[in-house]
Structures are given as C-alpha cells and as structure tokens.
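Which chain is which? The protein sequence lines are V and W, in order. Going by our numbering, the first sequence opens with residue 1116, and the numbers climb by one from there. Going by our numbering, the second sequence opens with residue 388, and the numbers climb by one from there.
Keep in mind that the hints were calculated from the coordinates and are not lab data. All values reported here derive from a predicted model rather than from experimental measurement. A couple of the hints might just be wrong.
Using C-beta positions, here's what the derived DEER-type ranges look like [as the list claims (entries may be wrong)]:
#: 1; chain 1: W; residue 1: Met-406; chain 2: V; residue 2: Gly-1156; range: 35 to 41 Å
#: 2; chain 1: W; residue 1: Lys-596; chain 2: V; residue 2: Pro-1234; range: 30 to 36 Å
#: 3; chain 1: W; residue 1: Glu-735; chain 2: V; residue 2: Glu-1358; range: 27 to 33 Å
#: 4; chain 1: W; residue 1: Leu-734; chain 2: V; residue 2: Asp-1138; range: 53 to 59 Å
#: 5; chain 1: V; residue 1: Pro-1234; chain 2: W; residue 2: Asp-392; range: 26 to 32 Å
#: 6; chain 1: W; residue 1: Met-767; chain 2: V; residue 2: Asp-1123; range: 55 to 61 Å
#: 7; chain 1: W; residue 1: Asp-392; chain 2: V; residue 2: Ile-1190; range: 57 to 63 Å
Subject to a maximum C-alpha distance of 16 Å in a straight line, what follows is the list of computed EDC-like cross-link-like pairs (lysine to aspartate or glutamate) [what the hints assert, rightly or not]:
#: 8; chain 1: V; residue 1: Lys-1117; chain 2: V; residue 2: Asp-1299
#: 9; chain 1: W; residue 1: Lys-481; chain 2: W; residue 2: Glu-395
#: 10; chain 1: V; residue 1: Lys-1121; chain 2: V; residue 2: Glu-1212
#: 11; chain 1: W; residue 1: Lys-652; chain 2: V; residue 2: Asp-1319
#: 12; chain 1: V; residue 1: Lys-1254; chain 2: V; residue 2: Glu-1277
#: 13; chain 1: W; residue 1: Lys-610; chain 2: V; residue 2: Glu-1250
#: 14; chain 1: W; residue 1: Lys-391; chain 2: W; residue 2: Asp-515
#: 15; chain 1: W; residue 1: Lys-720; chain 2: V; residue 2: Asp-1299
#: 16; chain 1: V; residue 1: Lys-1295; chain 2: V; residue 2: Glu-1328
#: 17; chain 1: W; residue 1: Lys-445; chain 2: W; residue 2: Asp-515
#: 18; chain 1: V; residue 1: Lys-1206; chain 2: W; residue 2: Glu-395
#: 19; chain 1: V; residue 1: Lys-1254; chain 2: V; residue 2: Asp-1299
For each residue, glycine too, the CB sits at the ideal point set by N, CA and C.
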Amino acid sequence: MKPILKIDGVTGGYGTTKPTIRDLHFTVHEGEIVALIGLNGAGKSTTIKHILGLMKPIQGRITIYDQSVFEAPDIYRSNYAYIPETPIYYKELTLWEHLELTAMVYGISKEEMVKRVTPLLSRFNMEKKERLFPEHFSKGMRQKMMIMMAFLIQPALYIIDEPLMGLDPLGIRSLLSLLKEERDRGAGILMSTHILSTAERYCDRFIIIHEGEIVGQGSLEELRKAANLSTASLDEIYLNYIEGSVT
Amino acid sequence: MELKDLWERRFNQFISARMIVLRRIANGYMILPVLLIIFGLYYYPIFIEWLPQEFPVKMVVSIILAFINSTVGYRSLLQEADLFYLLPVETRLKAYFTRSFIYNWAVQSLFLISFIVVISPLYIARIDSDTSHLLLFALILLIIKGWNLAIHWYALQFTGSNVRRIFLLLRLLINIMLIYGLLRHSIPLIGLGVSCAAAFTFLQQALVKKLTLNWHQLIQAEKRLDARFDVWLSLFMDTPQPRSGVKRDWGMSSIARSLAFIPQKAYHYLFIKLFFRTEISGMIVRITIIGMILTFIISEIRLLILAYMGILLIAGIQLSSFWQVLIHQYWVKLYPLPAAYLKKAYLENAFILLISIGLLLLLTAMLNMKSFLLLVLMSMIGGLVAYAFTFLYLKRKIKLSQNHFKSQ
C-alpha cells in the first residue's frame, strides 16, 4: 500500500520552549484506517492542526503524497478532507450552499456533486434540511453536515477528529459504513477518538499518543505482542501503555 | 454575589469594556467629528437658506424623528448562561429589569437629544421660532421614547419576529401621527395619536398577560446589539469576525447562483452569500437610501458632488470592514485555493458594489437635475472614487493587515 501521509520527526506546539508534541513518526497508507488515541491533552488535536497546515512544526516534516503544505499548499490541501470535533460552519449559508461551495472549492462539477450528495443526504436523513441554515440544526445534524462536506470531496486522506461525538446511533452506523467504503476505495483515514471499542472494530492500526509522544503504534496484534497481552482488548492494552508498564 | 447587585456589576463591566474600545477609537479618529462639525457649521446655514419654502419640513422631520423614536433596541445585559442560572430566580429580577429599562431610556434619549440639537436651527428657522416650544417638544419626545421602549420590551415577550414587526409598524405610524401633530400644533391629530397609543398599549397588555418572560428573545436582542456594535467597531480597528445573526437577504444572495461551480469564483460566491446575509449589507443599504434622498434634494452642484463623493466614501469605509469577515472564516484557511483568489474576490466585489451604489445615486441625482453634462461629470467622478478607493486604498489596507498577521 502506498503511503499518503508521512509524519517524520515532528516536534511542535504553541511555543518553542515547551513543545506540545515531540518527535512524532507515523504514516497513513492508502486503504487503511488509523486511530490516533490518547487522553485529553495528550497532543492529538495539536497533531491534527499540524497535519492540516494550521501550525508549522518546530522540527520535522509532514507530507501528503510527498508534498508539504509549505511547498505546495493547494496540492497538499486538495488531498485531504477534515471533519472537526466541533462543527465549524458558515451560519449565513444553508446546508445546500455549504455543499455547493465545497464542490466549487474542490473543482467538482454540478452533476458529480448531485450524484455524490443525494445518497449522502438520504443516508444521514437530511434530505428535508438542505435549504435550512445550520443555526436551526441540532449538534448532531451539524456534525452530519461536516461529514457530508468531507465525503463529498472523496479525497485521498480523511482527517477526522472525534467523529462519533453528538451523532445518533443511525448516524454512527452510516459514518462507520462510509469509512469502510472509502477505505475500500483506497482512501487513507486518520481518526482521533476516545471510543476504543469502536476503534478496535474498525481501525487497522493504532497510534497511542501520551504527553506529546508516541508510546506505541501498530496493529492490534502488534500492540498485544509488545504489551505481552495476547488476548487483551484495545482498552486494556491502551491502559497498559498509559500506565507505563510497557517501555 | 447578591442578586440586587447583579445589574450594577454587569453594567460596570459592560461600561469598562466599552470605554477601553471607545478611548482607542477617540485617540485615532478624533479628527472625524471635528471635521464634521466644521463642515456642518459652514454648510448648515447655506442648506437652510437653500431649502425651498414649499419643502415639507414638518413632515420630513416627523418621519425622521418617528424612525429614531420607534427603532429601539433593548440591552438587558443577559447572557446565554443566564438561562440556567437566572431562570429559577426570574420572579426576583424585577429591580434588574427596571434598571435595564432606565439605562436603555437614558442612552437612547441621549441620541434623541443629539438629533434634536442638530435639527434645532432648522426647527427655529422653518417650524417655530419660539425656543420654549422646542424645549417642550423635546421633553414630549423623551416621554414618547419611553413609551416606545416600554412597548418594545413587552413585544420582546412574544415569540416570532412577525409579531414584533407588526408592533414596530404600528408604533411607527403612531409616532408619525403624534410628532406631526405636535409640529403642526394640531390638537385633533395629537388626540388621535394619543388614543391610538392608548388602545395599542391596552391591547398589547391584554395579550402579554398570558406570557412569561421570553429569555430567548431578550438574549437574541442583546446579541443583535452586540453584532451592530461589532460592525461599527470593525470600521475603526481590526476585529475578529463580527458576531451577527443571519440577516434576511431579500433574494439578493441568489446573484451568486450564476457563479456556482466555477472553482475560480468560489470566493466570489462566498462573498456574495456572506455579504447579503450579514449586518454590513443592511448598513450599506441604509447609507445608499440616505444618499439617494440627498442627491434627489440637493440642487447646488458643488454640494451635490460633495454629497455624492461623501456617500460613496462612507459606503466604501463600511465595505472595508468586510475583509475581516472573510479572512476570519475557518474553512478559508483550509481550502486548496490560492490566497490571491480571496483578495481578488474581495476587491472585485467591493468595486462592483461601489459602482452600483454610484449608479443609484446618479439616477436620483439625474431625476433631480436633468443635466447631461452633470451626468458625464458625476459618472467620471464616481468611477474614479470607486476605483481609487478599491484598488488603491483597500488593496493597501489588505496588504497591511496581511503583514500584521504574518508578524504575529
């Protein structure tokens, strides 16, 4: 599988004296779902901000298909879609206009947009909401809008921050099945999450981040082997790592 | 903290925050009111002398004063969190709301008095030369202002903006009736106005009896005032994206439909949608309407051209704050589009808007003056002002703001 996202020795944060993340190394390949797991304040969101190109690393390099955001910003950004933890939207634009603008920005034609959006609207039960402003939506509906905007793009890489927050059970099911479909299409998915049971079921690899450093990464089997817990769940392995019994 | 001290505490916090900002503006822009006063002192007497005898001064002044009196905002200093913390003690908040009412009346009365001071030379010259009558008129206007505010307070207890719009329209009509009656010293008209006001108050009181305090509306009213202040503030300093609700766009944002699905025009599309649905467009419309009235009534050529250029510049200054709205949009930072597209969309749309405003002003000026030579002259001046303002001033302002962000 070809690598999409490469994080190579990245150190960064909000100041130079005490970086929030230190010397991170990991890769997301085509056709895989990678979970980024860690406690609150572990450095997951800072890592994501660096990948999005909103923060510049103090050290190291981040590339998508070997392009850095600082060398080729438009090519870099056209290769990913982002779903934020808290919905971020234009309150002056309706749901349909959000989708229309996203299509314009990513060079998707009207016919293609309608083809991609129609099943998304029906999947998330939002067909009757397309002319409404997100101000009138519940948090879950706003999150669904974020998801639809991202899946409309069909990029090489998805960066998803806490995707299940605020979604109803049907929304969670739709999102997870979409993630699987996109993985099968060949997209890479980096998903930051706290819900380890879901991560264990749907993700191919796991990156455990603790106090700004990666303390473990690999498939469930690899993590079990490293932790010497042959039948343990991701929950148990994770706690084992965090509590420092694995060195 | 005691509940009885809540208003004082919030009021003090609010005033100190406002004073910091206003002091900064005063330091940088003190010259503006001074220029305005010098301009007014010179042109006001000329304007009064020039105003034709048949001009309906009483009616125009009544309509303007009725607008000022009717369009009231209500600042309660309530916050979202109050829905949880203050709702249980609603019945003990009578003193809080009484104080907020006095505050709103005082602030809005100050604005009203300022306007009366401005129109006083016109009043004395054309309406009534007895200054004691003017003082009595001002006093009655302050009482009418209080009535408007009280009615608006109760209107805020109703859910749905249509009810408030109907109340506003009725108040506006009653205000025109009362003020016009006062200016004409017409007892029947005043009597009719007072009767209508009494009937309206009685009817509203009967309806409002069934309602409880509408916290949501009060918080929304507070937010609307904050949004207006933000838009005004953004004229003087770089501010984060102004807080504002979605404004009705009267179908104007559908202009963007013709741009849909052209990637190079994505930011043009965003500009149009955001512009017509935020408070800034409302301000531009109001300025344009004032400009159209001015260019329709001013017949002195130099004054007309000065007003024409002045209105274009004021509209341009309003537009200059819209750059902040665009660059503070989160998604704009993530879009795979060159940053130059955003700048291009902003400048091109600002230019089109200024040219459109210029054309509207030109239209009313031509209805007034009917001179081909003036049409050519004003078209050239308008085009030049719009071009220079957009592609020299705004372009430079964007560059400075980008350098400022880079250096942070």
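For each hint, the structure was consulted:
1. W:Met-406 - V:Gly-1156: 35 to 41 Å: For Gly-1156 of chain V against Met-406 of chain W, whose Cβ atoms are near 37 Å apart, the range 35 to 41 Å holds.
2. W:Lys-596 - V:Pro-1234: 30 to 36 Å: 52 Å, violated
3. W:Glu-735 - V:Glu-1358: 27 to 33 Å: 59 Å, violated
4. W:Leu-734 - V:Asp-1138: 53 to 59 Å: 44 Å Cβ-Cβ, so the 53 to 59 Å window is violated.
5. V:Pro-1234 - W:Asp-392: 26 to 32 Å: 58 Å, violated
6. W:Met-767 - V:Asp-1123: 55 to 61 Å: 60 Å, holds
7. W:Asp-392 - V:Ile-1190: 57 to 63 Å: Holds: the Cβ-Cβ distance is about 59 Å, inside 57 to 63 Å.
8. V:Lys-1117 - V:Asp-1299: 14 Å, holds
9. W:Lys-481 - W:Glu-395: Holds, at about 14 Å.
10. V:Lys-1121 - V:Glu-1212: With a Cα-Cα distance of about 33 Å, the restraint between Lys-1121 of chain V and Glu-1212 of chain V is violated, given a limit of 16 Å.
11. W:Lys-652 - V:Asp-1319: It is violated: about 40 Å lies between the C-alpha atoms, which goes past 16 Å.
12. V:Lys-1254 - V:Glu-1277: Judged against 16 Å, a Cα distance of about 14 Å means the pair holds.
13. W:Lys-610 - V:Glu-1250: With Cα atoms ~14 Å apart, Lys-610 of chain W and Glu-1250 of chain V stay inside 16 Å; holds.
14. W:Lys-391 - W:Asp-515: This hinted pair is violated, its Cα atoms lying about 46 Å apart.
15. W:Lys-720 - V:Asp-1299: Outside the cut-off at roughly 29 Å; violated.
16. V:Lys-1295 - V:Glu-1328: 28 Å, violated
17. W:Lys-445 - W:Asp-515: Holds, at about 10 Å.
18. V:Lys-1206 - W:Glu-395: Violated: Lys-1206 of chain V and Glu-395 of chain W sit about 34 Å apart, past 16 Å.
19. V:Lys-1254 - V:Asp-1299: 29 Å, violated
Hints 2, 3, 4, 5, 10, 11, 14, 15, 16, 18 and 19 from the earlier list are contradicted by this structure; the remaining hints agree with it.
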